[in-house]
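In the UniProt record's numbering, the protein residues as written are 1 to 253.
Since the hints were derived computationally from the structure, they do not count as laboratory data. Since the structure is predicted, the reported quantities are computational estimates derived from the model, not experimental observations. C-beta atoms are modelled at their ideal positions from N, C-alpha and C, and glycine is treated no differently. Any given hint might turn out to be false.
Derived Cβ-Cβ restraints for the label pairs, each shown as a range [what the hints assert, rightly or not]: (1) G217 with S153: 33 to 43 Å; (2) N66 with K249: 17 to 27 Å; (3) I55 with S130: 39 to 49 Å; (4) N99 with N132: 17 to 27 Å; (5) D128 with L97: 12 to 22 Å; (6) N152 with L97: 33 to 43 Å; (7) S51 with A169: 39 to 49 Å.
Okay, derived cross-link-like pairs now, DMTMM-like style, lysine to aspartate or glutamate, Cα gap no bigger than 25 Å in a straight line [to be verified]: (8) K95 with D181; (9) K121 with D151; (10) K249 with D128; (11) K95 with E69; (12) K95 with D151; (13) K249 with D151; (14) K249 with D27; (15) K95 with D128; (16) K249 with D232; (17) K95 with D30; (18) K249 with D30; (19) K121 with E69; (20) K249 with E69; (21) K95 with E75; (22) K121 with E75; (23) K121 with D30.
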Amino acid sequence: MAGASNGSTVAGQSPTILNGPVGLVLDSNDNMYFSDRGNCRVMFWANGASSGSTIAGTGSYGSANNEFENPSMIEYVSSTNILYIADTMNHRIMKYLLNASSGTVVAGGNGQGLSNTQLSKPYGMALDLSTNSLIICNYAAHTVVRWILGDNSWTLIAGSASGTSGSSATLLYQPVGVTLDQYGNIYVADSGNHRIQCFLVGHSAGITIAGVTGSPGISASQLNASFGLILDNQLNLYVADTANNRIQKFARY
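Taking the hints into account, I'd like the entire structure generated from these sequences.
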């Protein structure tokens, strides 16, 4: 449905030049907020503007509360003007109020590890407003966890708490993207297994709803290192089929 067009690639640190942008969200006015991963910052880009402004991060690697190391996916809560940012290589999730000069740690921040107070290269995440929690892809631990905002530890949703990777229905291998539907079911881009897993509420075994486990490819039924995913209002699934340089649409499961 979508793919590459002709263009030129640039990278840098100016307000008009980016370096590895990853996570992106829009507000109700179609202004953009996105993580500029290689520049260790989060940018605000007004609708129709030709340049952006840094609203979080310093542009340099660091672990202070106003710094990032390879920020990735973000979530924006318009009602409270709050950004949640996956600070991947600092193994934490940061909360920023718009216009604040620094953030606060709301998940992780205790070094990389497998304990339920730690994260391990968190990447994708989804905000579950019904439970006031973040659902986090713990990329290097091969798990998806739920961290209730205000708590100091997570509970396991999918994968093995021991950090074991695998391709069975209960295991994951380098999960990257996550989203959920209005029923609370969770969809995971299990990138290392080249598949999308659906975890129904209360179930620890996933159902493969897109891709072929352990078999990357370019056919319509296959994926190759899929990263991002999103559902539309009819619960059709759109997947960033990253290594195949395309977006795939899959009908509602």
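Do the hints match the structure? See the list:
1. The supplied range of 33 to 43 Å is met by G217 and S153, whose beta-carbon atoms lie about 39 Å from each other.
2. In this structure the supplied range 17 to 27 Å is violated for N66 paired with K249, their Cβ-Cβ distance being about 39 Å.
3. Checked against the hint of 39 to 49 Å, the pair I55 and S130 fails, with Cβ atoms roughly 28 Å apart.
4. N99 and N132 have their C-beta atoms about 23 Å apart, which keeps the hinted 17 to 27 Å range intact.
5. At about 20 Å, the beta-carbon gap between D128 and L97 stays in the expected band of 12 to 22 Å.
6. Taken as a hint, the range 33 to 43 Å is violated for the pair N152 and L97, whose Cβ atoms sit roughly 21 Å apart.
7. Between S51 and A169, the C-beta spacing of about 47 Å keeps the proposed range 39 to 49 Å intact.
8. Proximity of K95 to D181 is assessed by CA-CA distance (about 23 Å); at most 25 Å being required, the pair is judged to hold.
9. This hinted pair checks out: K121 and D151 have alpha carbons roughly 19 Å apart, not beyond 25 Å.
10. Note on K249 and D128: the hinted pairing holds, with a Cα-Cα distance of about 23 Å set against a maximum of 25 Å.
11. A hinted pair counts as satisfied when its Cα atoms are at most 25 Å apart, and K95 with E69 qualifies at roughly 15 Å.
12. Only pairs whose Cα atoms come within 25 Å are accepted, and K95 paired with D151 is accepted, the gap being roughly 14 Å.
13. About 36 Å separates the Cα atoms of K249 and D151, which puts this hinted pair outside 25 Å; it is violated.
14. A C-alpha spacing of about 24 Å is found between K249 and D27, which places the hinted pair at or below 25 Å, so the restraint holds.
15. Of the supplied pair hints, the one linking K95 and D128 holds, its CA atoms being roughly 15 Å apart against a limit of 25 Å.
16. Pair hint K249 plus D232 holds up; C-alpha atoms about 10 Å apart against a cutoff of 25 Å.
17. Between K95 and D30, the direct Cα distance comes to roughly 21 Å. Compliance with the 25 Å bound is thereby established for this hinted pair.
18. With a C-alpha separation of about 23 Å, the suggested pair K249 and D30 falls inside the 25 Å cut-off, and the hint holds.
19. Restraint check: the Cα-Cα separation between K121 and E69 comes to about 11 Å, which is no more than 25 Å; the hinted pair holds.
20. Distance check on the hinted pair: K249 and E69 sit about 32 Å apart at the alpha-carbon level, beyond 25 Å; violated.
21. Between the alpha carbons of K95 and E75 the distance comes to roughly 10 Å, so the proposed pair stays at or under 25 Å and holds.
22. Restraint check for K121 and E75: the C-alpha separation of about 17 Å stays at or below 25 Å, so the hint holds.
23. The suggested pairing of K121 with D30 is violated, with an alpha-carbon distance near 29 Å, which exceeds 25 Å.
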